[in-house]
Structures are given as structure tokens and as C-alpha cells.
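Asker: These protein sequence lines are chains F and C, in that order.
If you're matching positions, the first sequence starts at 1 in my numbering and goes up one per residue.
If you're matching positions, the second sequence starts at 1 in my numbering and goes up one per residue.
Incorrect hints may have been included.
Unchecked claim - With a straight-line cut-off of 30 angstroms between C-alpha atoms, the simulated DSSO-like cross-links for lysine-lysine are:
#1 Lys124(F) / Lys326(C)
#2 Lys124(F) / Lys199(C)
#3 Lys253(C) / Lys3(C)
#4 Lys195(C) / Lys124(F)
#5 Lys176(C) / Lys227(C)
#6 Lys23(C) / Lys195(C)
#7 Lys267(F) / Lys361(F)
#8 Lys226(C) / Lys3(C)
#9 Lys176(C) / Lys124(F)
#10 Lys9(F) / Lys3(C)
#11 Lys253(C) / Lys124(F)
#12 Lys124(F) / Lys280(C)
#13 Lys9(F) / Lys68(F)
#14 Lys199(C) / Lys176(C)
#15 Lys280(C) / Lys180(C)
#16 Lys284(F) / Lys267(F)
#17 Lys9(F) / Lys43(F)
Calculated directly from the structure, the hints in this document are not laboratory data.
Note that the structure is predicted; figures quoted are calculated from it, not measured.
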Amino acid sequence: MATPVLMPKLGLTMESGKVVSWKKREGEPVAKGETLLEVETDKIVSEVQSPQAGFLLKVLEPEEAEVKVQAVLAVIGEKGEDISSFLAAPGQPSAPAVNAPAEAAEAPSLPAAGRLRITPRARKLLAERGFAPADLEAPGVDRIGEADVQDFLARQGQIRPMSRIEKVAAERMTASFRDIPQFSLRFKAELDRLLDLLPHLKEEAGRDITVNDLILRGVAIALSRFPEVQCQARGEGLFQPGSVNLGFAVALDRGLVVPVIRDAGGKRLAALSREAAELSERAKEQRLRPEDVSGGTFTVSNLGMFGICSFVPIVNPGEGAILGVGGIQSVTAGRVVELTLVCDHRSVNGATGAGFCRELKSVLEAAEEAAW
Amino acid sequence: MRKISYSEAIAEAQLQEMQRDEKVFLMGLVLRDPYGSAFGQTKGISTALGPERVLDVPVSENGYVGAGVGAAITGMRPVVELQFSDFITIAMDQVVQQAANMRYMFGGQIKVPMVLRAPTGAYLSAAAHHSHCLESWFSFIPGIKVVLPSDAYDAKGLLISAIRDDNFVIYLEHKKLFDKKAEVPEEPYTIPLGKAAVKRQGTDLTIVAWSFMVSKALEAAAALEKKGISAEVVDLRTVSPLDEETVLSSVEKTGKLVVFQETYRHCSVATDVSALVAEKGFDFLDAPIRLITAKDVPIPFAPVLENFVLPQTENLVAEAESLVTKARRG
Numbered sequence: 001m002a003t004p005v006l007m008p009k010l011g012l013t014m015e016s017g018k019v020v021s022w023k024k025r026e027g028e029p030v031a032k033g034e035t036l037l038e039v040e041t042d043k044i045v046s047e048v049q050s051p052q053a054g055f056l057l058k059v060l061e062p063e064e065a066e067v068k069v070q071a072v073l074a075v076i077g078e079k080g081e082d083i084s085s086f087l088a089a090p091g092q093p094s095a096p097a098v099n100a101p102a103e104a105a106e107a108p109s110l111p112a113a114g115r116l117r118i119t120p121r122a123r124k125l126l127a128e129r130g131f132a133p134a135d136l137e138a139p140g141v142d143r144i145g146e147a148d149v150q151d152f153l154a155r156q157g158q159i160r161p162m163s164r165i166e167k168v169a170a171e172r173m174t175a176s177f178r179d180i181p182q183f184s185l186r187f188k189a190e191l192d193r194l195l196d197l198l199p200h201l202k203e204e205a206g207r208d209i210t211v212n213d214l215i216l217r218g219v220a221i222a223l224s225r226f227p228e229v230q231c232q233a234r235g236e237g238l239f240q241p242g243s244v245n246l247g248f249a250v251a252l253d254r255g256l257v258v259p260v261i262r263d264a265g266g267k268r269l270a271a272l273s274r275e276a277a278e279l280s281e282r283a284k285e286q287r288l289r290p291e292d293v294s295g296g297t298f299t300v301s302n303l304g305m306f307g308i309c310s311f312v313p314i315v316n317p318g319e320g321a322i323l324g325v326g327g328i329q330s331v332t333a334g335r336v337v338e339l340t341l342v343c344d345h346r347s348v349n350g351a352t353g354a355g356f357c358r359e360l361k362s363v364l365e366a367a368e369e370a371a372w
Numbered sequence: 001m002r003k004i005s006y007s008e009a010i011a012e013a014q015l016q017e018m019q020r021d022e023k024v025f026l027m028g029l030v031l032r033d034p035y036g037s038a039f040g041q042t043k044g045i046s047t048a049l050g051p052e053r054v055l056d057v058p059v060s061e062n063g064y065v066g067a068g069v070g071a072a073i074t075g076m077r078p079v080v081e082l083q084f085s086d087f088i089t090i091a092m093d094q095v096v097q098q099a100a101n102m103r104y105m106f107g108g109q110i111k112v113p114m115v116l117r118a119p120t121g122a123y124l125s126a127a128a129h130h131s132h133c134l135e136s137w138f139s140f141i142p143g144i145k146v147v148l149p150s151d152a153y154d155a156k157g158l159l160i161s162a163i164r165d166d167n168f169v170i171y172l173e174h175k176k177l178f179d180k181k182a183e184v185p186e187e188p189y190t191i192p193l194g195k196a197a198v199k200r201q202g203t204d205l206t207i208v209a210w211s212f213m214v215s216k217a218l219e220a221a222a223a224l225e226k227k228g229i230s231a232e233v234v235d236l237r238t239v240s241p242l243d244e245e246t247v248l249s250s251v252e253k254t255g256k257l258v259v260f261q262e263t264y265r266h267c268s269v270a271t272d273v274s275a276l277v278a279e280k281g282f283d284f285l286d287a288p289i290r291l292i293t294a295k296d297v298p299i300p301f302a303p304v305l306e307n308f309v310l311p312q313t314e315n316l317v318a319e320a321e322s323l324v325t326k327a328r329r330g
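Working from the sequences, and respecting the hints, build out all of it.
Answerer: Below, the structure written as C-alpha cells:
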């Protein structure tokens, strides 16, 4: 039974390959699995083995020829066999009817030569996800079904559309990284005194007060004293906000939002904490109103709860600086938090930023004000 | 709610429609009390309304079906009963040439508001003359609605719809269902003709059945559930017109179709349903369509042979299981 040798599909995106060199000449005997030729894709060179024992009856594609995937390269068979059906249209994908018996008879090692059987539902699902049936390798399966395609797709990874929040965040982060010359200032603050006060503060407030609440309170105080760090570049002017509208980043299942506490400079710890908790709750339930996420003048991003020591966030476009908060670390001196201020260098310079850092450090370390 | 049998539901539907509309009358073999028809489908009606609206006729199918067609085109609403649907062969000219064609051939100037009721089906060791299911013949002819209720509730609602319909309706009652009881409201209600019902929800495969086979399909679905297979059972209720939407949307959900038909396969409702899905639901299919039907021989008298020839619940369970297991192979 004459069997065609086909151009293999060696990668998902491969459409054709080049014949590099023939290792056998027409008329030579070949064993099953013996190398017949080498083919080259834009990525690799690969050997093509004989699908069965017999003679290399006909070479259809010369060296250097560019050949479509699944097209017939050569015919293997017994001497004297009629191979006219393979010669009709060289360079074309082989006709299924010709090859079907070969698949059924004795060439299970060459599924590509046979007609691929796939259910309509499976075929449609594949097409919807941008794949062709030939992309699947399904040895030992007499007909590819939806379950096989689901398995295949699960192994491919997938793209899902961005949520609206993710899309906005992506655009803003890209704009920030591309357009804002950012520099970062790293410093540490000792939190022993504040943390010692924390149980008492919770009791007094009658609710949970978090480390983040303390940081927000400290930042609000420091910002009222160093409002220059909020200065924003706007076209050819510099905008100095008149109040402290403190944003804090909240991670959602899909994306990130930054709710804003308005006039945070004048709010005491308990009020600030309550407002932050309410905004976080609304953010997680996706119930934030437009006014909850607009008008921010400074953002705090805290990854301390994830065990991050310190990190460099990206300035929220429209703001002058952002503070990255790491986790609390116990060191010999006591308990320390690492903080990183990232500033828009068009509107905030190093000295201003450093002044703010020094003030925030002293507010947090002195504890009294931040705890108030 | 009270439970009544399938034959009681048929009798009640006719009685209530006769009380509602004096143009409705019955015609057939021994319909009057005390006999009240071969399976009790007209029991009590002649006693309640008098013998003049329940006409007992000689054994002359071509004659009295023709009389029914004549009454219908001249303003009455006859419900004509054949003692067995097999004998419709004698009245075929009245059914196929007259009743089905007249409204069209007279340009809509006349209507044929007639119901032809007839017991259908096998599984009773009643031999080849009394075991046919001929719904496929009549589905083939334009101008005939073909209704096959699968339980007492559907029997009443579908029969009332059939009597109120201005077109010729063949209403086939399954002999195996006459004594089966179900909850049936006392007041009259209608079930639209041409609308199938999902009798059981499922996700792994769709079983399309009608008439007596629905109860077997539901048995099979319960057995399949124990094997972890979730079968959806669609009861066509009316095989002509066919509710394409319900069948297609079920197969769209499950990806697999088994048609479970009591009678022979060729040129039948089963092949028609599979053609529908192959034509309009091709992309939904995740396995070949399977048809489970009777073998191509006259229905035997001997119970062992009859059971061998007719499709059984176990055949359906086995086919469904192999269909779903192969698709799950992973």
C-alpha cells in the first residue's frame, strides 16, 4: 500500500516548511522510522521519518522547495505500485479519500496522513478560539470531541478581555510610566511607639484600627505640612492642590481601584479609619461612586500585608507623588516599616520629597499625633 | 390535586368542550355508555349529555370518517374516534385527500375543525394488526396536525386545544397509557399545539421522545442519573408541526442527541428530528446522532419476540451511556 510522506506541522503557527536535504534517493529501500529528509521552519530544522517500510518510490519536492504543511513530499511503497493518485497535484494538501485506508490499515503512527475526525461542536469551539483541528495532537482518539478540545485549550493558556477597571488602570499606568519622569526615595520609620499604642487605640475607637490607618493618618499630617509634594505638572503650569485628598490603593479580584478620602488633613484617626474601611468595603463590592475615586491628590499603596519589604509604585497620573508601604519588620532596634516615595520630577524635586519623607518619619515615630 | 387516568382525562376534555360548545359532538364505535369506548375514553358522556351528541356508527371507517369531514366543513366540530389507529388505512382517502387538502383547495372558504382520535402503539402483545404507530405518515402530509400526549395532564390540555383548533387534528392516544394517572385540574385548560415540553432537565445528552416512549425515557434518565449521567428529556407532544426551537436549544446545551421512537426508523419522525438537528444544529453536535427504533419487521404477537423487536428502556440506557462515556474520554 503506497503511503505519502507529508510536510509535518512542527509548530502552532507553521504554515509551510523548506526541504533542506534528502537523505534517501528515489528507488532506495527504507525502514519504518528511518530518516528520509530534513525540513526547516523559521525556528528549527527537523528530520522526517518514513511512515512505513518499503521503497522511496517518488520524491515530489526537491531540496530548497518551500512546501505547505500536509502537502505530499514523497511516496513510500512497494516497487511497481500505482502511485498516480499522489502525483496529480504536487504541493497541494493530500486528498483525504486517498489516505483514509492507510490510516485504518497500519499507519497509526502517521495520524497526519489520515483524515482527522472531529465533531462539529469541537471544531466550532476550536475555531472560536482561533485554532484549527490540525493544531490538536490526539493520538489514540478515533474522533476528537468537545472534551478533547477543552483539554487542549486548557493547556494553551488564554486571553480574557480586560474589565473596565483593568482597562482604565492599564491606560493610566502606561501613561504614567511613559510620560512621567519618576524618582524614588526610600526611607524607614520605627513604629514601636505607634504599635504599642494600637491595642489602646482600638479599644478607644471601639473598632479595628489597622497599621494602614496609622500610616494614612501620618501621611495626612505630613502632607498638610509639606503640601508641595502634592504639586502636579499640568501642561506648562504647576498645580498646587489646596487640600489633602488621600487616595489608597485597593486590590480587587480583577484590577485595582484607588478610593479617595477627602480633606484627610483635618480628620482624626478614628474618622479616617472608619472612612477608609467604608471605602474599601464599597470598592470590594464594586459599589464605588464616581466621586469616591476622583480628585485624589496623593496615593498610598500598601503591600505590607503580603510580606513585601519595600517596593517602588508608579505615580498615579494627575498626582505629584505616591507612597509605597512595605511590611513591618522586626529588627534589633525594634519594629520598622520601609517606605518609598515616588515623585513626578516635573513638579516635585528631591529636596521637597525628602522633606516630606523626613516629616512623615518623624510623625510616625513620635506616634502622638498619628494616634490622635 | 386529584389524580385521574389518561382515559378519564380524555373523556373529561370532550365532555367539557361539549358543554362549552354545542357544535362539538362524538362519532365512533360503541362510544355510548355503558361501554363508553374501548378504553373508556367517552365514558359518562352519553349519560350526561344524551345519546344524540354521541353517535355510535357501524364498523365503516371510510364512511364515518368521511361523515366527520362533511360535518366539519358544514359548521360542526366533530370528534371522531377510530377504535384502533391501525384502521385508519380504510379511511385514508378521507384523511389525506379530503380533510388535509380542503381548506387549501377551497381557498380558505371552508375550514375542517375536526379531531380524529385513535389509540396507537404496541407493547401489549396485540399483534401486527393492532400495534402500529403511524404518526410519521401523517406528519408527511401538509394540512394535518399530529398530537401524541404522553400523560393524563397533557392528554386533557392537548385535546381541548385540538377541539378548539380550526384545522384537522389527528390525536393519537397510547394504549399503554390509558390507565396511567396524573394530577389533572378539574377546570378546562389548553396546552398549545406545536410546542414541545422539557420533561426533565439535563446537561449531558438530549433524549427526544413522544407518547409512551416519554415514560420510558424518564425511567432511563433516572437510571442514567445513578451512573452520573444527566439526561434531558424532550417530549415533542406534537410531531407535526414540530417544535424545532425546543429540540435545537436542548441539543445546543447538551451536544448529544438520542431519538427514542417506538416504531420503525425509515421515513419517520425520528429521522426527521435527526435531519433537523443535522441541518440546523450541526455545530452543536459533539457526537453522532443516535436513533433507537423498532426493528424492521411486523410487530410479533409473542411477548418475547415483541420485546425483542421494540425499543426498550435498557437499550436507551446503554446507548446513552456509551455516547456520553465516549465523549468524556478526555
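Asker: For every hint, state whether the structure bears it out.
Answerer: So, going through the hints one by one against the coordinates:
| no. | hint | in the structure |
| --- | --- | --- |
| 1 | Lys124(F) / Lys326(C) | holds, 19 angstroms |
| 2 | Lys124(F) / Lys199(C) | holds, 29 angstroms |
| 3 | Lys253(C) / Lys3(C) | violated, 34 angstroms |
| 4 | Lys195(C) / Lys124(F) | holds, 29 angstroms |
| 5 | Lys176(C) / Lys227(C) | holds, 28 angstroms |
| 6 | Lys23(C) / Lys195(C) | holds, 27 angstroms |
| 7 | Lys267(F) / Lys361(F) | holds, 19 angstroms |
| 8 | Lys226(C) / Lys3(C) | holds, 29 angstroms |
| 9 | Lys176(C) / Lys124(F) | violated, 43 angstroms |
| 10 | Lys9(F) / Lys3(C) | violated, 66 angstroms |
| 11 | Lys253(C) / Lys124(F) | holds, 14 angstroms |
| 12 | Lys124(F) / Lys280(C) | holds, 14 angstroms |
| 13 | Lys9(F) / Lys68(F) | holds, 9 angstroms |
| 14 | Lys199(C) / Lys176(C) | holds, 19 angstroms |
| 15 | Lys280(C) / Lys180(C) | violated, 36 angstroms |
| 16 | Lys284(F) / Lys267(F) | holds, 23 angstroms |
| 17 | Lys9(F) / Lys43(F) | holds, 12 angstroms |
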